[in-house]
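Engineer: In case you want the letters, here they are:
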Amino acid sequence: MQSLTPQRLIELRLAANDVRQGIIRSLVAAGSGHSAGSLDMADVFTALYFHILRHDPQRPDWAKRDRLLLSCGHIAPVRYSAMAYAGYFPVDELLTLRRLGTRLQGHPERMRLPAVETTSGPLGEGLAQGVGMALGGKLDREDWRVYVVTSDAEHQCGLHWEAMMTAGKFKLDNLISFIDRNFIQIDGSTEEIMPLEPLADKYRSFNWEVFECDGNDMAAIIATVERAQTVKGKPSVIIANTVPGKGVSYMEGDYTWHGKPPNKEQAALALAQLQADREQIGAVHV
Amino acid sequence: MSNVNLVESATAMHLVDYTNAAALESVPTRNGFGQGLVEAGKRDRNVVAICADLSESTRMLAFKEACPEQYIEIGVAEQLLVAMAGGLAAVGKIPFIASYAMFNPGRSWEQVRTIMCLNETNVKIAGAHAGVSVGPDGATHQAIEDIAIMRVIPHMTVVVPCDAVQTKKATLALAAMFGPAYLRFAREKSAVVTTEETPFEIGKAQVFREGGDVAIIACGILVYNALMAAAELAKEDGIECRVVNNHTVKPMDEPAIVAAAQTCRAVVTVEEHQVHGGMGSRVAEILAQRYPVPIEFVGVDDRFGESGEPTELIEHYGMGTAAIKATVRRALSRKV
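Here the protein sequences line up with chains C and P, keeping their order.
Numbering of the first sequence is given in the working numbering, commencing with residue 16 and proceeding in unit increments.
Numbering of the second sequence is given in the working numbering, commencing with residue 21 and proceeding in unit increments.
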């Protein structure tokens, strides 16, 4: 792993800015899709694809790669955008999101785009598959890791807890799971609809190591993953506290952006704002 | 000419003389699964078994003893069975997941659809204790809708072997085949009509008895009842039935189904399952399109099961030999 120099941090923040712009462009082109969660996980996905993962965009089937599963498939735009900027496919392909014949399905499909590792969208299923992969890796004494990205609301699904229990049983220290803790879901706040707190305690009681960080702070994300990687004999979860819609001021914190895309005017505003932020990141560097 | 070939193919099945009760062995089909799984696990270390707290009754126990490092116990969590197996398959394992068919795949349909089939993973579902012949446990544990919910999913293979010997062969064949699959078998002892020499190929129906009056197309342990019905009809009334062991419900052997309809011009389907949506429904879909003939269905008629002794329940729900014979006569009377 590359050490996180100030220069590297600026590169990663710029990459996250690219990823956010890619999300906005693909969503407005598609005319449907999920904005808030895609934007708020841009920093985590950038950290993964540009710094943390052992992977090779030219060889998506490389047997020794780390596996990254997106359990909450509806935020596919952030994964697609990060993959495009990381070199898995041309950035222009993002504009095919959700169109007939595209590899970039509304929810990710492995048979169309193998590098997404699995087909996802029905909630609560990603961690269980990650547990299977991590156990398979252990059986074969492999050293690659499994990373899973989950949403907070999908913790309302029973299967997710079956998987949590199982990861604890098999002491899967090659498994690191993220929770996009943005407190929103389609009908409102997670804590009103079905309270998840105390979430960290729940994981601890299932024999997980629990970390928490600002999920929109690149340096914090990377430092937290590096700590999680040193854990032995237990799976790790990183509760990434995020601001829904992060990076686009009129979306930030507004749950109504969970499941809709910006229109053309809104997208132009978002892109202008992201471009201004980009110059700000560059200015810090100068 | 084609009839001659078919008579030969029925002979080439190397069946036991099923009309001679003394020559018949009675073994649960689940035993065949257990034996096949052990052999598959020894042949290939990537074969893993995931068990949901039913190692003895699904017959995974022998695998646990023979291949302990390939055995994974996860407790009572059938959705997890499928999802975790999907992950294991994605990294090169060949997972067999076992529980009662009522829960596996009964409880995990959406995971089967998304993670196994849309995702095309190499996971094999072993559905044990299928049908009303589970007996005293009653309706909650009698899976009679599982064929319907599995056969409707694209990419899925559905196999319902006729006896313990064939279940072992089917288990090995599924381990060697890439792709999602559902293997259905039963709890109770049932007649072993095939032998080691009997061929088995997924997707290839087998003519177990030749005849030109009515075709009985059956799957699972009721193939024996179909054979007995055919033997009795021949003896009592001179009615000659072709009996087809239609063990692969999906992909179904369409040429064999059409050939049976062409030869006999009347069809009876037999399965320990709801008539709605099951193996017989697929036969009807094929024949409605390709060779319409009168069809009658033996199976459970839109009801739930209940407690009782296995044989008693088979009779009660109209799937015994007498019921099959009556249904054959009905089909015969409808022939044009």
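Take the hints with a grain of salt, since some may be wrong.
Listed next, the in silico EDC-like pairs over lysine to aspartate or glutamate satisfying Cα-Cα at most 20 angstroms (straight line) [said to hold, decoys possible]: (1) K224/P / D273/P; (2) K186/C / D232/C; (3) K153/C / E93/P; (4) K184/C / E93/P; (5) K153/C / E76/P; (6) K249/C / E157/C; (7) K209/P / E89/P; (8) K153/C / D64/P; (9) K184/C / D73/P; (10) K249/C / E76/P; (11) K186/C / D64/P; (12) K84/P / D155/C; (13) K62/P / D155/C; (14) K184/C / E89/P; (15) K186/C / D273/P; (16) K279/C / D269/C; (17) K247/C / E224/C.
Since the hints were made in silico from the structure, they are not lab data.
Engineer: Given the hint that K247/C pairs with E224/C, test it: the Cα-Cα distance must not exceed 20 angstroms.
Structural biologist: OK: K247/C and E224/C at ~9 angstroms, within 20 angstroms.
Engineer: Is K184/C within 20 angstroms of E89/P, Cα to Cα?
Structural biologist: The given pair, whose Cα atoms are some 16 angstroms apart, holds under the 20 angstroms limit.
Engineer: Compare the distance between the alpha carbons of K186/C and D232/C with 20 angstroms, and conclude whether the hinted pair is satisfied.
Structural biologist: Violated, because 29 angstroms separates the two Cα atoms, which is more than 20 angstroms.
Engineer: Between the alpha carbons of K279/C and D269/C, is the straight-line distance 20 angstroms or under?
Structural biologist: Given that 20 angstroms is the threshold and the Cα spacing comes to 19 angstroms, the pair holds.
Engineer: Starting from K184/C, check that the Cα of E93/P is at most 20 angstroms away, please.
Structural biologist: holds (10 angstroms)
Engineer: Going straight from one Cα to the other, do K186/C and D64/P come out at no more than 20 angstroms?
Structural biologist: violated (26 angstroms)
Engineer: For K62/P and D155/C, compute the direct alpha-carbon distance and say whether it is at most 20 angstroms.
Structural biologist: Between K62/P and D155/C the Cα gap is close to 16 angstroms, so the pair holds against 20 angstroms.
Engineer: Run the distance test for K209/P versus E89/P: straight-line Cα separation, threshold 20 angstroms.
Structural biologist: Judged against 20 angstroms, a Cα distance of about 30 angstroms means the pair is violated.
Engineer: Can the restraint linking K153/C and D64/P be considered satisfied, given a maximum Cα separation of 20 angstroms?
Structural biologist: Holds, at roughly 17 angstroms.
Engineer: Under the criterion that the straight-line Cα-Cα distance not exceed 20 angstroms, is the pair K249/C, E76/P satisfied?
Structural biologist: violated (30 angstroms)
Engineer: Has the given pair, K153/C with E76/P, been kept, meaning a C-alpha gap of at most 20 angstroms?
Structural biologist: violated (26 angstroms)
Engineer: Given the hinted pair K153/C and E93/P, is their Cα-Cα distance within 20 angstroms?
Structural biologist: Distance ~15 angstroms between K153/C and E93/P Cα, so the pair holds.
Checked against the numbered hints above, the structure violates hints 2, 5, 7, 10, 11 and 15; every other hint is satisfied.
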